Amino acid sequence: MTNSEHRLPAKQHKNAARKAEGFATPQQDKKLQCARILPKRVLPIIFLPGIMGSNLRMSQKRQQELKRKDNISWRPDILGAGNVRQNSKFSARERQLQLDPLETTVDIYDPAGPFDISGDGRHSNVELNKDFHSSLLVDDQVTIQNGRTAVQKARARGWGEVYFKSYGKLLQHLESRLGFTIFDGKVRDEWRDVIGVNPGAWQPHASLPQQAITEEELLNVVSGCWFPVYAFGYNWLQSNGRSAVDIASRINRVMEELNQSGYECNHVIVVTHSMGGLVGRALVHPSYGNMQDKILGVIHGVMPAIGAPAAYKRMKAGFEDPGLAFAAEASIAAKVSGNYGDEVTAVLANSPGGLQLLPTGSYGNGWLRIRHKGHDLESWPKNGDPYGEIYKIKRKWYALFREDWINPSGNLPIRGGGTFVRTCEYLDYAQSFHKQIANTFHLNSYAHYGADRQQASFGQVIWEIGENCADPSGWQEWPIISDSKQGKLELVRWDMLGRNAKNFVLVEEGVPDSIYATIAPPTSVGDQTVPAQSADYQLNSGVFKAVFRQSGYDHQSSYKNARVIAATLYSIIRIAQSANWRCKI
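Each residue of the sequence shown is one higher than the one before, counting from 1 in full-length UniProt numbering.
To be clear, the hints were calculated from the coordinates, so they are not data collected in a lab. For clarity, every value in this text was computed on a predicted model and none was experimentally measured. It is possible that part of the hints are untrue.
[Stated by the list, open to error] Computed beta-carbon distance windows for the label pairs:
| hint | residue 1 | residue 2 | range |
| --- | --- | --- | --- |
| 1 | Ala579 | Ile414 | 45 to 53 Å |
| 2 | Thr419 | Cys583 | 51 to 59 Å |
| 3 | Gly388 | Pro39 | 49 to 57 Å |
| 4 | Ile182 | Lys130 | 36 to 44 Å |
| 5 | Ile117 | Gly224 | 38 to 46 Å |
| 6 | Asp376 | Thr419 | 31 to 39 Å |
| 7 | Ala81 | Glu216 | 34 to 42 Å |
| 8 | Glu94 | Asn220 | 29 to 37 Å |
| 9 | Asn129 | Gln292 | 34 to 42 Å |
| 10 | Gly224 | Ser249 | 26 to 34 Å |
[What the hints assert, rightly or not] List of simulated lysine-lysine pairs, DSS-like, C-alpha gap at most 25 Å:
| hint | residue 1 | residue 2 |
| --- | --- | --- |
| 11 | Lys89 | Lys67 |
| 12 | Lys382 | Lys335 |
| 13 | Lys67 | Lys335 |
| 14 | Lys40 | Lys69 |
| 15 | Lys69 | Lys130 |
| 16 | Lys584 | Lys560 |
| 17 | Lys488 | Lys335 |
Here a beta-carbon is modelled for each residue, glycine too, at the ideal position from N, C-alpha and C.
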């Protein structure tokens with residue numbers, strides 16, 4: 001496709017037939033009018049974002065309660081230097097009510113609805129690059145009644161449901177590369193970063209060596225087949241199992257529509273980011289999505305396969321903030337997500353999905369440590385049960401939850417409030433979910449993730465007791481005097497007579513010196529969020545066809561990395577090779 005032609009969108013006619021309409025031009029316009037007609041075979045690509053990567057809207061009731069002018073619950077694309085201060089100063093109460101799994105839904109695109117609520121105004125985050133090429137996502141001619149623009153067609157595929165600043169490059173790249181592979185009978189030069197390239201350039205693990213894709217292999221896959229790229233948001237506050245049920249319904253609907261239109265659509269390929277990997281695994285579990293026979297393969301990107309200690313750290317100390325001057329996008333995200341532990345706890349303690357990112361029983365023992373002068377005083381879990389040994393313990397300074405942080409709204413649960421008891425129920429759900437998907441991976445799975453020493457991650461969370469404490473005996477019962485909410489606690493040695501600090505008496509006369517406990521910086525290889533220890537669970541499963549242990553990117557920006565995109569394209573082609581078709585080309 002070149003600039004020397006007018007592209008005519010081929011619209012649905014009868015069954016799989018397509019019809020294109022030309023138009024009159026001035027006599028001096030010598031450009032050809034060309035339409036690309038779709039083949040009958042279709043293999044959709046379904047992208048699932050990570051936590052906080054799907055846009056959410058709140059219920060009308062909650063919007064009125066918070067006295068908001070719109071129903072936006074979460075839409076990171078609208079954030080920028082100009083409004084970050086306003087959006088980051090929401091109180092813990094406001095965050096709890098704004099991000100309530102019981103009062104939020106995915107902010108889907110519906111052009112028939114109000115422009116600024118569900119239509120093009122709300123979904124204006126989708127903007128296509130000038131060099132973007134697609135045979136399908138093109139503007140209709142102005143002569144076509146009820147014609148749509150290329151951007152509107154992308155929004156109809158769900159592209160506006162997700163964090164487009166983070167994922168837009170990937171979506172456009174996949175659509176362009178897979179939908180515009182051959183020109184004048186030859187593979188486009190754009191594919192030379194994948195075709196014939198030694199996959200070693202993308203850092204595959206040595207135990208799963210990969211062979212370069214030949215031009216013939218690519219042509220065999222793409223000839224007579226098209227690959228529409230969809231992005232499906234999900235409510236990341238609710239259980240990932242529930243999200244899998246929702247996504248399965250949408251995939252079935254897409255496949256049914258394509259088959260009813262006369263195409264042959266037997267399978268889809270799923271590409272995930274972070275938490276989306278947990279949804280992807282639940283998609284192929286018979287108790288949730290039950291899509292194992294309709295998904296041809298899954299590509300997992302930076303998945304916290306068995307959870308991440310960063311989830312504990314963030315509920316105690318907030319999201320890591322590199323500062324606007326150093327990484328503006330990451331800093332804005334941290335400020336809005338919550339720079340402080342109480343802000344994050346108010347959301348995640350009331351979110352079944354968020355709690356499912358905590359380290360699972362498969363993560364192993366000893367990842368939470370108390371250290372004094374270089375020596376561990378204690379570590380947990382000891383018996384492979386982080387739920388009972390760490391998450392549900394009460395009234396300890398190192399406990400995951402401060403009960404007064406769980407329900408800053410003060411509301412009853414039926415009005416959006418929370419309780420420690422309900423949070424423990426959500427933890428029970430998380431434990432059950434973790435056990436169910438522990439060994440669940442699609443048999444045609446590929447993975448890529450960060451294993452980079454320059455992107456230090458919390459493989460463990462270590463509380464360092466200050467060296468001014470000569471004798472740490474009794475450390476388990478020290479009460480909190482003050483909390484920075486960013487990983488530094490002021491503690492003091494008391495003689496416990498009762499449960500409340502009011503009933504504590506001093507060990508000796510006078511006020512004892514304060515003791516400080518601080519969360520140590522991360523030291524594990526990873527991507528700043530997911531440690532390789534968790535991601536490697538995929539490698540050790542023995543199921544995956546290829547695992548790319550990579551370096552050079554942080555967690556959220558992984559799909560902006562050239563090696564990640566190349567490895568993803570490589571994996572898609574390898575998965576597509578296993579497709580069986582009834583119709584002939």
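For each hint, the structure was consulted:
no. : hint                        : result
1   : Ala579 / Ile414: 45 to 53 Å : 49 Å, holds
2   : Thr419 / Cys583: 51 to 59 Å : 56 Å, holds
3   : Gly388 / Pro39: 49 to 57 Å  : 55 Å, holds
4   : Ile182 / Lys130: 36 to 44 Å : 22 Å, violated
5   : Ile117 / Gly224: 38 to 46 Å : 41 Å, holds
6   : Asp376 / Thr419: 31 to 39 Å : 33 Å, holds
7   : Ala81 / Glu216: 34 to 42 Å  : 50 Å, violated
8   : Glu94 / Asn220: 29 to 37 Å  : 55 Å, violated
9   : Asn129 / Gln292: 34 to 42 Å : 36 Å, holds
10  : Gly224 / Ser249: 26 to 34 Å : 29 Å, holds
11  : Lys89 / Lys67               : 16 Å, holds
12  : Lys382 / Lys335             : 34 Å, violated
13  : Lys67 / Lys335              : 22 Å, holds
14  : Lys40 / Lys69               : 46 Å, violated
15  : Lys69 / Lys130              : 34 Å, violated
16  : Lys584 / Lys560             : 36 Å, violated
17  : Lys488 / Lys335             : 18 Å, holds
The earlier numbered hints that this structure contradicts are 4, 7, 8, 12, 14, 15 and 16.
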